[in-house]
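Chemist: Quick note, the sequences are listed as chains A and B, same order.
Sequential numbering of the first sequence, starting at 9, is according to this note's numbering.
Sequential numbering of the second sequence, starting at -1, is according to this note's numbering.
It is worth saying that the hints were derived from the structure and are not from the lab.
Certain hints may be false.
Here are the simulated EDC-like cross-link-like pairs (lysine to aspartate or glutamate), alpha carbons at most 16 angstroms apart as the crow flies [claimed, not checked]: (1) A:K365 / A:E19; (2) B:K23 / B:D68; (3) A:K350 / B:E51; (4) B:K82 / A:D260; (5) A:K364 / A:E112; (6) A:K350 / B:D101; (7) A:K303 / A:E33; (8) A:K350 / B:D81; (9) A:K151 / A:D260; (10) B:K122 / A:D310; (11) B:K74 / B:E112; (12) A:K12 / A:E48; (13) B:K102 / A:D304; (14) A:K337 / A:D310; (15) A:K12 / A:E294; (16) B:K1 / B:E112.
So the derived list for chain A, only partly shown, Cβ under 7 angstroms to chain B, looks like this [stated by the list, open to error]: (17) M41; (18) G42; (19) P43; (20) T182; (21) T186; (22) N190; (23) V273; (24) Y274; (25) S344; (26) K350; (27) V351.
Ideal Cβ positions, reconstructed from N, Cα and C, are used throughout, including at glycine.
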Amino acid sequence: MAHKSLEEINEKIKKGIAVVVTAEEVIGIVDEMGPKKAAEEVDVVTTGTFGAMCSTGMFINFGHSTPPIRMTRVWLNDVPAFAGLAAVDSYIGATELSKTRGMEYGGAHVIEDLIAGKDINLYAESYGTDCYPRKEISTTINKSNINQAYMFNPRNAYQNYPAACNMSDRIIYTYMGTLLPNGGNVTYCTAGCLSPLINDPEYRTIGIGTRVFLGGAQGYVAWEGTQHNPDQERGENGVPISLAGTLALIGDIKQMSTRFIKAAVYQNYGISMFMGVGIPIPILDEDMIRKTAVKDSEIFTDIVDKSGHEGVIRRVSYAELRSGSVELKGRRVQTSPLSSLKVAREIAALLKEEVKKGEFTLTQPVAGLPRHNTVNKLEIRGNSNE
Amino acid sequence: MNKIKVTMRFSANDITIPVTYHLVKDYDLMVNILNADISLNKIGTLVADLAGEQENIEQGLEFIRGLGVDVRIFNKNIIWEADKCIHCGACTAVCPSGALVMDKTDWSLTFDREKCLICGLCVKACPINVMNITDNGE
Ligand code: SF4
Ligand code: SF4
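In isolation and in its complexed conformation, chain B is listed as follows (with noise of 0.2 angstroms):
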């Protein structure tokens, strides 16, 4: 079983074909939206985790290549130095998906890998650089 993250671009038109659907029932696989925004502009934007045999996810990415849509798989990681972080807070101003919040108890910062669309905005945000941006995948 393998898993890869994958942000997938639609123009206006292809909105209305299933992919997720078509994903899961034509080549098995295990769709995990983490993001989606299709109401800016005319381009939809989806991000998610397929996981599922090699072989179904490279059919699974032709296929829906094949509808015209930018499929873009992330190969680059996001590394939180936790043990230098000051918990001051101001990556989380800028996280568009939630990824980095603060711990209403402690007041320490949280980080969810899984929820994290390596935007790279943190990495500039954080005052004393602890947010690292690498290009060796997960």
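Only chain A is shown next, with the shape it has when bound in the complex (with noise of 0.2 angstroms):
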């Protein structure tokens, strides 16, 4: 069976002649000439998913000041970030709701707003220090005079996402949006046959170090993410079912665009980050031109009750997620996407036009992403918990 070393790819690729193409095209190219022909003739495919991802945040360092200041608790735009770290180190969480504006501005509006080249308010406190002696300060910064200013993204990315409905009698506002009583709608939230980690279900190209689309910027796998269950139940295919693989993410705030990561506010739930994140696989042999193939229609998820009143009711396709109704008890039922395929769409098409012109190189992981883990959960322990 052929074999191609990322080398070769990369030596493809910077003189131009590389054959790159998003997972949705690689679809129609597998069934023309077959996973053979075609992971000879395929180089590159990208993926792309522009989805709602909570666990976001940034670090930022703000410069001294003269006199400096140990900063022990940081606002920006009246949103607290934490400063439990270096004098003038911060770093501000996607979902922290702000002070004075509550649910309707956060840390995501406060790193959208930085993305944006605007000015954004610091307000910090300290106790003084012979060192630092400045309690109190009081100025704006924005993206070209502050120092480092990253994205580290404890979770992103995840391989698969159950859908939702509600099957209370009452509507409930959650992070899978409006749900509608009686089952009276399903949403659903991810990119399906697009998405990073469902086209390299096993990990294979995809670890620590991987260079990845972050936000517009360039970015790198730092590690893999909180919650990353990688023992999730499969299907033959190799794809999870369900909540499975995650990624930690880093980038550089400074490259990305406001195109790419959006503030989100989800009614009576909370703030939220929409980033895009795309990564492209190399297409080393037949077996990853067949998972990067993988079809809608292939990959599987459940659809859980999120008024927790009766768990998973079905498993369903993304295709027919897709279709615009599935059948739910016996009735059907609207489906709504969540994420925005058409910007996951746009991601790979970028990526993909970034690395033909060489502009994306291909990296080699530094060190897999774990293939087993175990997801604890949290116990309540003690006698003081009522």
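Please dock the two separately framed chains into a single complex, following the hints provided.
Modeler: This is the structure we're talking about:
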């Protein structure tokens, strides 16, 4: 069986002769040529997703003032940031709410505004030390007057995600959108056959150190994501049926674009962030072309009752979800996406052009992602709890 | 020629009166029914466009009000900031009239203003706030 090395593929990219297609385009190619021939022809398959990812945030270094301050409490546009780090290092999480505007504005908006080049109010307090005498500071910052500002997202790009419905008798507002009572609608949230980890289900080419598209910039896989669950039940094609692999991603916000990263507010739930993620997959052999040629009809997920009444209702394919309606307890119910397939396609297409032009080369992972892991539950221990 | 959009709420007893028939025949109005829901409880709701001479529209409305039907004219409007929309689809989950649907080819959002009931549900459901409800009617 033909085998291409990553070096050979990168050599072709540098010469401008690599054959690069998106994870949607590859389906037709494999159907037409068969996997053997297609694996010889195609060098890289690009993926993309644009969905709300709550576990997202940014490290930021403000620079030192004179006299200096060792910040112990920090607010950016009235949104609290974490300051339990060195003097002027801080971390702001996407879901943090504004102290003055509540659910209308939060950490995700601060990050988006910073990327957009806007001025952000910085207010910080300290107890004052001999070497950092200042006790308070109020000023404005923007992306050109701060030092490093980079996303460090503990969990992005979930490999698969359950679809949602609501079997209770009242409307509920969730991170899966507004769910109508008595199973009145179904929402789902992945890019299906375009989604990065669906196309490399066993993490053969994506690992720690892999260069990725993140919010319009080139970023990297830093680690396995939190709740990484490779032991999830899988189909015959290796694709997990539900929540499985995740990635921790890093990237420079100064290179990002608000087209591919956007603050989101879910009614009565809170704030999240749409993150654009794309990963190019090297076609090393026939196995990888088969994996990337996966279709929506071969990717499955469970529809789960988010009201907590009934648990899993049924299993569906993404082709059924995409069709616009599914059967739920003997009734046809409308399905709605929550992540943007349109922007996911744009990301995969952009990444394809960048790889073709040699602006984005592929990387060999420094270390693999775990293939086994247990996800623990939080037990309530001790007797101080009621 | 004028056009207005109205919601008519009937109590169960009124449902037998052929309101639209009279509007067409007696008041020379064009009636385009956008949404009808008479199954719910005891109250029926009809959303329709009425088009015709201003005078006839006014008389037609008077006629239905005279029957004890609660008539409301839409004086609000839904504004979709299409250029800022990220086409996620969250609003389609709540739209009761099918005014908001995803285009199955390029997966962009489509908004059919004619079908909109101005219920405002999409305004709250849109996570990036690009659906707005305004007071100045059509
Ligand atoms: S919810 Fe908002 S952003 Fe999403 S498709 Fe609808 S209008 Fe566009
Ligand atoms: S206001 Fe929004 S949700 Fe309501 S009918 Fe119109 S488009 Fe649909």
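Chemist: None of the hints should be skipped; say for each whether it holds.
Modeler: Comparing the hints with the structure gives:
no., hint, verdict
1, A:K365 / A:E19, "holds, 12 angstroms"
2, B:K23 / B:D68, "violated, 21 angstroms"
3, A:K350 / B:E51, "violated, 44 angstroms"
4, B:K82 / A:D260, "violated, 24 angstroms"
5, A:K364 / A:E112, "violated, 41 angstroms"
6, A:K350 / B:D101, "holds, 10 angstroms"
7, A:K303 / A:E33, "holds, 11 angstroms"
8, A:K350 / B:D81, "holds, 13 angstroms"
9, A:K151 / A:D260, "holds, 11 angstroms"
10, B:K122 / A:D310, "violated, 27 angstroms"
11, B:K74 / B:E112, "holds, 14 angstroms"
12, A:K12 / A:E48, "holds, 8 angstroms"
13, B:K102 / A:D304, "holds, 14 angstroms"
14, A:K337 / A:D310, "holds, 14 angstroms"
15, A:K12 / A:E294, "holds, 10 angstroms"
16, B:K1 / B:E112, "holds, 12 angstroms"
17, M41, "violated, 25 angstroms"
18, G42, "violated, 27 angstroms"
19, P43, "violated, 27 angstroms"
20, T182, "violated, 11 angstroms"
21, T186, "holds, 5 angstroms"
22, N190, "violated, 14 angstroms"
23, V273, "holds, 6 angstroms"
24, Y274, "holds, 6 angstroms"
25, S344, "holds, 4 angstroms"
26, K350, "holds, 4 angstroms"
27, V351, "holds, 6 angstroms"
The earlier numbered hints that this structure contradicts are 2, 3, 4, 5, 10, 17, 18, 19, 20 and 22.
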